[in-house]
Amino acid sequence: MALKIIKSQCTVCGACEFECPNAAVKFKGETYIIDAALCTECKDQFPKPQCAAVCPVPNTCVPA
Amino acid sequence: MAANLVTLGSLKVVSRDDLSQSMTGCASTSCGSSEGPADMDPAIWARVKDHPCYSEEAHHYFARMHVAVAPACNIQCNYCNRKYDCSNESRPGVVSERLTPDQAARKVIAVANEVPQLSVLGIAGPGDAAYDWRKTRETFRQVVAQIPDIKLCLSSNGLALPDHIDELVEMNIDHVTLTINMIDPEIGAKIYPWIFHDHQRLTGIEAARVLHERQMLSLDMLVARGILVKVNSVMIPGINDAHLREVNREVKRRGAFLHNIMPLISDPAHGTHFGLTGQRGPTAAELKALQDDCEGGANLMRHCRQCRADAVGLLGEDRGQEFTLDKLPETVDYDPAAREAWRDWVAQEREDRRAAVSQAVQATAAQVAPQETPLLVAVCTQGGGRINQHFGHATEFKIYEVDAKGVRFVTHRRADNYCTDGAGDDERLARVIRTLEGVPVVLCARIGDCPREALAAAGIEAIDAHAHDYIEPAVAAVYRDRRALPAALTA
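Respectively, the protein sequence lines represent chains A and B.
Number 32 in our numbering belongs to position 32 of the first sequence; there are no gaps in the numbering.
Number 1065 in our numbering belongs to position 65 of the second sequence; there are no gaps in the numbering.
Don't take each hint at face value.
Lysine-lysine pairs mimicking DSS-like chemistry, simulated, CA-CA at most 30 Å apart [unchecked claim]:
| hint | chain 1 | residue 1 | chain 2 | residue 2 |
| --- | --- | --- | --- | --- |
| 1 | A | K26 | B | K1327 |
| 2 | A | K28 | A | K48 |
| 3 | B | K1190 | A | K48 |
| 4 | A | K7 | A | K26 |
| 5 | B | K1327 | A | K7 |
| 6 | A | K28 | B | K1327 |
| 7 | A | K7 | A | K48 |
| 8 | B | K1252 | B | K1405 |
| 9 | A | K26 | A | K48 |
| 10 | A | K4 | A | K43 |
| 11 | B | K1252 | B | K1190 |
| 12 | B | K1252 | B | K1151 |
No lab work stands behind these hints, which were simulated from the structure alone.
Whole structure, please, built from the sequences with the hints as guidance.
Structure below.
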């Protein structure tokens, strides 16, 4: 149960890292990645996964 | 008197003497006031006189730089697509290289050592500086530790700004630009597809309503704390063009210091929603008509260049490519000498210029009938308030309006640089002539015979007799030549 970031679409703005309540989003190499071990898809925290809600590019933070 | 000016962009000085030697003709100081324009509170003038974006006068002398440390944004605008990046593009939100706060601080110090005109550090994204606040704050903290007198400024959509208002005040951030395109959520819904606020993505009228409320709250909070607020509005024909008159009244009522109405930049190649749907930007005439209507509301800014989020230099020039990350030294120490020398020189130059303008205005009022029609004049300048650019090197023209009451800056008109390899290119010259539509006179430092004849054929007189003179007195002199009463000419 985790989300992933489609690298080719990511603008590397970092808003997902900023909003993630679990510190699951990290900057690695030239892009952001989601640590599946930490990602909860924001269940019991927020109505929607925060990374997907703030991401400026549609369908870029998606279920892994 | 002709002065042999050095190019501001290439200026490097170490002392006041160097400046005097390199800029002959500016040394004589006559009477004049340093208290600023008569219609401005002296305390406010003191805060804006070195800020190129807040004072039309200052933008002839002082430079700003933006550092792109804040890429994250909390709203989507239909005129913005931050994925697109081209170093030849000049428009907000566009940036070539994102910097960490450490890298940005190094860049600012390197620029301060090389560009003595630097007075302002702004963070304008490429996302939202108040939303991506931790990076904005850390950058300001590191820069101020080394350059205490640099002015700090940030741009925001206002949605997240109220959350950081106390820290903004603590950091002495003196100038904030809020982009406010509407005060009616129905109109806002056509500009903003969504916002992210309080952990939720909101869409439609609800999104626009929350954004509007937060923008008004930001404006009120900033004004209450004495921070100067410039409001930027993007003019989008058919969507908010007429509405911006109401926006102007409202932001003025709430205490905005400046209102800057900018044209929508729209091109399918930019990949923005408006670009892809064919939404057009306003014509120069539509923009001027709206700006004229809003005159008398908040002070209106007409010299905005809609710069990139990583622009460096005087407004209208971008030296960002000289200061990319790979060109920065590992460590760099700030040397205040050049900036101090520049400020001393500007103080004298300003007094000189003010005296010359005052004389010119008096002479014009005495020689031209008050009801005489105004004249538009285009000017080629590289800064310093002087006519000091070759016509063929001009990538933009400053447009002034003159009548018996005085000389007023109206706007810039951009044109592509038509002289690239020493030989004029007919198609580009034609574009410049279209850019100058409705402007019968252009003042420049020099001009070739061919473009002069082409301009004349289009009804535009090119004059290089005022090369290196101050702009306003030269514009007034041209007006007197054309409009003076016969008695004044023979007197």
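Outcome of the hint check:
1. A:K26 with B:K1327: Between K26 (chain A) and K1327 (chain B) the Cα gap is close to 28 Å, so the pair holds against 30 Å.
2. A:K28 with A:K48: holds (24 Å)
3. B:K1190 with A:K48: This hinted pair holds, its Cα atoms lying about 25 Å apart.
4. A:K7 with A:K26: holds (13 Å)
5. B:K1327 with A:K7: At roughly 28 Å apart (the allowed maximum being 30 Å), K7 (chain A) and K1327 (chain B) satisfy the hint.
6. A:K28 with B:K1327: Answer holds: K28 (chain A) to K1327 (chain B) is near 24 Å, not above 30 Å.
7. A:K7 with A:K48: holds (21 Å)
8. B:K1252 with B:K1405: Holds: K1252 (chain B) and K1405 (chain B) sit about 26 Å apart, inside 30 Å.
9. A:K26 with A:K48: holds (20 Å)
10. A:K4 with A:K43: Cα-Cα ~15 Å, so holds.
11. B:K1252 with B:K1190: holds (24 Å)
12. B:K1252 with B:K1151: holds (24 Å)
Consistency with the previously given hints is maintained throughout, with no hint failing.
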